[in-house]
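**Student:** Take a look at the letters that make up each chain.
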Amino acid sequence: MRTRGAVLIANIITGLALGYTVSNIGFGDYAELNRMFTFQDLRMFFAFAGAVGIIVVVFAFLRVRRTPGRIHAGVVPGAVMFGSGWAISGGCPAIPIVQVSSGYLPAFATIGGVMAGIWLCRWGNARFFHLDRGSCGL
Amino acid sequence: MSDYWPWWAGAIGLALVTINYTLTTDRSFGVSAAWDRVLHWRAERRIERLEDQFTDQRALAEALTAATQQFDDRPVAPASHPPARSDAPASGQQIGQPAVGSAPVASHRPAPLVTQAALLLSILVGGWIAAVTSGRFELRADMGQGFREIVTGNPTTMIGVLFLGGVLVGFGTRLAGGCSSGHGLSGCGRLRPVSLLATAVFFGTAVLVSLLLWKVI
Numbered sequence: 001m002r003t004r005g006a007v008l009i010a011n012i013i014t015g016l017a018l019g020y021t022v023s024n025i026g027f028g029d030y031a032e033l034n035r036m037f038t039f040q041d042l043r044m045f046f047a048f049a050g051a052v053g054i055i056v057v058v059f060a061f062l063r064v065r066r067t068p069g070r071i072h073a074g075v076v077p078g079a080v081m082f083g084s085g086w087a088i089s090g091g092c093p094a095i096p097i098v099q100v101s102s103g104y105l106p107a108f109a110t111i112g113g114v115m116a117g118i119w120l121c122r123w124g125n126a127r128f129f130h131l132d133r134g135s136c137g138l
Numbered sequence: 001m002s003d004y005w006p007w008w009a010g011a012i013g014l015a016l017v018t019i020n021y022t023l024t025t026d027r028s029f030g031v032s033a034a035w036d037r038v039l040h041w042r043a044e045r046r047i048e049r050l051e052d053q054f055t056d057q058r059a060l061a062e063a064l065t066a067a068t069q070q071f072d073d074r075p076v077a078p079a080s081h082p083p084a085r086s087d088a089p090a091s092g093q094q095i096g097q098p099a100v101g102s103a104p105v106a107s108h109r110p111a112p113l114v115t116q117a118a119l120l121l122s123i124l125v126g127g128w129i130a131a132v133t134s135g136r137f138e139l140r141a142d143m144g145q146g147f148r149e150i151v152t153g154n155p156t157t158m159i160g161v162l163f164l165g166g167v168l169v170g171f172g173t174r175l176a177g178g179c180s181s182g183h184g185l186s187g188c189g190r191l192r193p194v195s196l197l198a199t200a201v202f203f204g205t206a207v208l209v210s211l212l213l214w215k216v217i
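Residue numbers (my numbering), protein chains in the order written: chain A, 1 to 138; chain B, 1 to 217.
One or more hints might be untrue.
Residues of chain B clear of chain A, computed beta-carbon distances all greater than 12 Å [stated by the list, open to error]: (1) Arg46; (2) Leu50; (3) Gln53; (4) Phe54; (5) Ala61; (6) Thr65.
Now the stretches of chain A that chain B is said to cover, found in silico as 3 or more residues with beta-carbon under 8 Å [said to hold, decoys possible]: (7) 5 to 12; (8) 55 to 67; (9) 73 to 86; (10) 108 to 114.
These aren't lab readings, by the way, just hints derived from the structure by calculation.
Just so we're clear, the structure is a prediction, and the values are computed from it rather than from any experiment.
Beta carbons: idealized from backbone N, C-alpha and C, even for Gly.
Sequences are here, hints too, so could you generate the full structure?
**Tutor:** Laid out in structure tokens, this is it:
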């Protein structure tokens, strides 16, 4: 089940499930997100950490391949930028989409910013950084 | 009391999404990479066409090799491997990584471009279904009371802050090679050191900035 059609169906199901789940957890709600990051309410943190725990156990049980990730020069500065942006705007790359679908129209500005940032990163990397950043999203 | 899911239901939901995607596609799952590929669709499409062309040539070479072996039992050199993507460093795509462990056969090619676009659109539809069925859907020109109290209530400043935050998210996730789904769920789920480091740093930074916004600013 690795044909183009199968991957397309898997992506559609994954997108629907991810949007539904993320919205119902509350990641699209800026106030909930801020309460998680300031330790006022750890419900969403436990949801995320619990998911990672389940995935670790299931992947280990099923012996899912472990791709060797290389720690490169872009990891820490990139993660600092991402964390700052997430705390300020309330959006990681999937969340602004969920915010728009929940009716938060200003989240279009976040989506515009995400697109500009991604474009800038590829442009800047090709010209200045020349980092082989790898990607976990393939 | 919020009407959101309890933590354990959210954990099961996020885990099922990630596990299902990994097992059905044999690929890691990440939204920032999908954004990156869709935004650069011209370059990505060109690469896909080249890879398709090469796959056809390799299939032809393998068929010829197999046919030759029927008439000659001498060992034949295997077909060459596909060339590395010429824009790998610039695009952040990682291919051809050897599998570690005895897992399912690894897919060395990235997911087709159209499937990445479908992923982003499906997130929109899934989020909309959740918002409508839970009664949370409401068209509004602000980001809610929380954003108004913690960040800003000025509409112009709000748009600027959201855009700036989005730029940091977009640039940062691609520089780090992943986001909360790619590094956080898929990568940490595989215990990849780079993902564990990235997740610790972006969560830690988000905590610090949120505390600053909440307590100081």
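**Student:** Each of the hints needs a verdict: does it hold here or not?
**Tutor:** Tested hints:
1. Residue-level check passed: B/Arg46 sits 15 Å from the nearest beta carbon of chain A, beyond 12 Å.
2. In this structure B/Leu50 is separated from chain A by more than 12 Å, as the shortest Cβ-Cβ distance comes to about 16 Å.
3. Non-interface status of B/Gln53 relative to chain A is upheld: no Cβ of that chain comes within 12 Å, the nearest being about 16 Å off.
4. The Cβ of B/Phe54 sits about 16 Å from the closest Cβ of chain A, beyond the 12 Å cut-off, so the non-interface label holds.
5. The claim that B/Ala61 lies off the interface holds: its Cβ sits roughly 21 Å from the closest Cβ of chain A, which is beyond the 12 Å cut-off.
6. With a least CB separation of 23 Å from chain A, B/Thr65 remains clear of the 12 Å interface cut-off, as annotated.
7. For the stretch 5 to 12 of chain A, the stated coverage by chain B is satisfied: 6 residues place a CB nearer than 8 Å to a CB of that chain, which reaches the threshold of 3.
8. Counting residues of the stretch 55 to 67 of chain A whose CB falls under 8 Å from any CB of chain B gives 10; the rule of at least 3 is met.
9. Three residues within the 8 Å Cβ limit are the bar, and the stretch 73 to 86 of chain A against chain B gives 13, so the coverage statement holds.
10. Under a criterion of three residues with beta carbons nearer than 8 Å to beta carbons of chain B, the stated coverage of the stretch 108 to 114 of chain A is upheld, 6 such residues being counted.
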